[in-house]
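Peer 1: All chains should be modelled from the sequences, with the hints used to inform the complete structure.
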Amino acid sequence: AQTVTQSQPEMSVQEAETVTLSCTYDTSENNYYLFWYKQPPSRQMILVIRQEAYKQQNATENRFSVNFQKAAKSFSLKISDSQLGDTAMYFCALFGNEKLTFGTGTRLTIIP
Amino acid sequence: GAVVSQHPSRVICKSGTSVKIECRSLDFQATTMFWYRQFPKQSLMLMATSNEGSKATYEQGVEKDKFLINHASLTLSTLTVTSAHPEDSSFYICSAIDWTGGGEQYFGPGTRLTVT
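Protein chains in written order, with my numbering: chain A, 1 to 112; chain B, 1 to 116.
Hint data in this document are derived by calculation from the structure and do not stem from the laboratory.
Errors might be hidden in some of the hints.
[Unchecked claim] Incomplete in silico selection of chain A near chain B, CB under 10 angstroms: (1) Met11; (2) Val13; (3) Phe35; (4) Gln39; (5) Arg43; (6) Gln44; (7) Ile46; (8) Leu47; (9) Ile49; (10) Gly85; (11) Phe91; (12) Gly96; (13) Lys99; (14) Thr101; (15) Thr104.
[Unchecked claim] Below are the BS3-like pairs computed for lysine-lysine, each with C-alpha atoms no more than 27 angstroms apart in a straight line: (16) A/Lys78 x B/Lys41; (17) B/Lys41 x B/Lys14; (18) A/Lys78 x A/Lys55; (19) A/Lys99 x B/Lys41; (20) B/Lys41 x B/Lys66; (21) A/Lys99 x B/Lys64; (22) A/Lys70 x A/Lys55; (23) A/Lys99 x B/Lys66; (24) B/Lys41 x A/Lys73; (25) B/Lys55 x A/Lys99; (26) A/Lys99 x B/Lys14; (27) B/Lys66 x B/Lys55; (28) A/Lys55 x A/Lys99; (29) B/Lys64 x B/Lys20.
[What the hints assert, rightly or not] Pair by pair, the computed Cβ-Cβ distance ranges are: (30) B/Lys66 x A/Pro40: 44 to 54 angstroms; (31) A/Glu98 x B/Asp27: 15 to 25 angstroms; (32) A/Thr5 x B/Cys13: 13 to 23 angstroms; (33) A/Ser12 x B/Glu87: 32 to 42 angstroms.
Values in this document were obtained by computation on a predicted structure and should not be read as measured data.
Where is the CB? At the ideal position from N, CA and C, for every residue including glycine.
Peer 2: Next comes the structure, spelled out in structure tokens:
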């Protein structure tokens, strides 16, 4: 079985600051993918960033970057220059064994 | 990116009746679709994997006779909640994998089911 753990139920940060969301996981698969999804109040799931486990280089998408520590099974998301539109639920997820497993989510609030 | 639609977006039904939710991949063919359930302020829980032309694979604890899944074409999967009860009220989300597009998984906008 694969598991994803997010230990921060809620976080808040001032606009323009940097925030890091934590995620740890466990899997017996050698080939897997890691994702961060954003779920705004509309509840539409939006892909923020993805990381292939076989790649050592950390993925980056504009203001979003990850710190992927494979040995530690850690996959944190850093949001730089946070914006009001970043306010949402953020889910860490692992795709392995042909299924996507989600963490419990972190509710992020950006304060004006 | 690719688009996945769901219909209806909201549905209210009486206890004991059945309701069908459709999930469509609009601009790609999806041999694999997934159905999730999300309770308020909780995460997405995988209910089943829907494979085109074959039986769905249900997660442990999900009643296959209650949640009927049909993936009859490469762009459509349906979830039918049979003999619905108030405890089936939830937010149901589907997703589809675009294998030709690098294996990206695209999510539908969700369906809010309320059973009265």
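Peer 1: For every hint, state whether the structure bears it out.
Peer 2: Now the hints, each set against the structure:
Annotation: A/Met11 was flagged as interfacial toward chain B, and the flag is violated, the nearest CB pair being 15 angstroms apart, outside 10 angstroms. About 20 angstroms separates the beta-carbon of A/Val13 from the nearest beta-carbon of chain B, more than 10 angstroms, and the hint is not met. This hint holds: A/Phe35 has a C-beta 8 angstroms from the nearest C-beta of chain B, less than the 10 angstroms allowed. Hint status for A/Gln39 relative to chain B: holds, with the closest Cβ pair at about 9 angstroms, below 10 angstroms.
Given the 10 angstroms rule on beta carbons, the hint for A/Arg43 holds: about 5 angstroms separates it from the nearest Cβ of chain B. A distance limit of 10 angstroms between C-beta atoms decides the matter here; for A/Gln44 the minimum to chain B is near 5 angstroms, and the interface restraint holds. Residue-level restraint check for A/Ile46 holds (minimum Cβ-Cβ distance to chain B is 8 angstroms; threshold 10 angstroms). A distance limit of 10 angstroms between C-beta atoms decides the matter here; for A/Leu47 the minimum to chain B is near 7 angstroms, and the interface restraint holds.
Interface hint status for A/Ile49: violated, as the beta-carbon distance to the closest one in chain B is roughly 12 angstroms, over 10 angstroms. The restraint placing A/Gly85 at the interface with chain B is violated, with a minimum CB-CB distance near 18 angstroms, outside the 10 angstroms limit. The criterion of a C-beta within 10 angstroms of any C-beta in chain B is met by A/Phe91, whose closest approach is roughly 6 angstroms, and the hint holds. Restraint check, A/Gly96 versus chain B: the minimum CB separation of about 12 angstroms is more than 10 angstroms; hint violated.
Look at A/Lys99: its Cβ gets to within about 6 angstroms of chain B, closer than 10 angstroms, so that hint holds up. The beta carbon of A/Thr101 is positioned within 10 angstroms of a beta carbon in chain B (closest approach about 7 angstroms), and the interface hint is therefore held. With a cut of 10 angstroms, the hint placing A/Thr104 at the interface with chain B holds, because the nearest CB-to-CB distance is about 5 angstroms. A threshold of 27 angstroms between alpha carbons decides the hint, and for A/Lys78 with B/Lys41 the separation of about 23 angstroms falls inside it, so the pair holds.
Distance hint between B/Lys41 and B/Lys14 is fulfilled; the C-alpha atoms sit about 24 angstroms from each other, no more than 27 angstroms. A C-alpha spacing of about 18 angstroms is found between A/Lys78 and A/Lys55, which places the hinted pair at or below 27 angstroms, so the restraint holds. For the given pair, A/Lys99 sits about 22 angstroms from B/Lys41 by alpha-carbon distance, which is consistent with the 27 angstroms threshold. Proposed proximity of B/Lys41 and B/Lys66 is supported: the alpha carbons are some 24 angstroms apart, at most 27 angstroms.
For a cut-off of 27 angstroms, the pair hint linking A/Lys99 to B/Lys64 stands: about 18 angstroms separates their Cα positions. A distance of roughly 10 angstroms separates the Cα atoms of A/Lys70 and A/Lys55; the hinted pair therefore holds under the 27 angstroms criterion. Restraint check: the Cα-Cα separation between A/Lys99 and B/Lys66 comes to about 21 angstroms, which is no more than 27 angstroms; the hinted pair holds. Distance check on the hinted pair: B/Lys41 and A/Lys73 sit about 26 angstroms apart at the alpha-carbon level, within 27 angstroms; holds.
Annotation: proposed proximity of B/Lys55 to A/Lys99 holds, straight-line Cα distance about 16 angstroms (limit 27 angstroms). Between A/Lys99 and B/Lys14 the CA atoms are separated by roughly 32 angstroms; this puts the pair beyond 27 angstroms, and the hint is violated. Proposed proximity of B/Lys66 and B/Lys55 is supported: the alpha carbons are some 15 angstroms apart, at most 27 angstroms. With a C-alpha separation of about 20 angstroms, the suggested pair A/Lys55 and A/Lys99 falls inside the 27 angstroms cut-off, and the hint holds.
Distance restraint check for B/Lys64 and B/Lys20: the Cα-Cα separation of roughly 14 angstroms lies within the 27 angstroms cut-off, and the hinted pair is therefore satisfied. Range check, B/Lys66 to A/Pro40: Cβ separation about 31 angstroms, and the 44 to 54 angstroms hint is violated. A/Glu98 and B/Asp27 have their C-beta atoms about 23 angstroms apart, which keeps the hinted 15 to 25 angstroms range intact. At roughly 36 angstroms, the beta-carbon separation of A/Thr5 and B/Cys13 lies outside the given 13 to 23 angstroms, and the hint is violated.
Judged by the Cβ atoms, the range 32 to 42 angstroms given for A/Ser12 and B/Glu87 holds: they are separated by roughly 33 angstroms.
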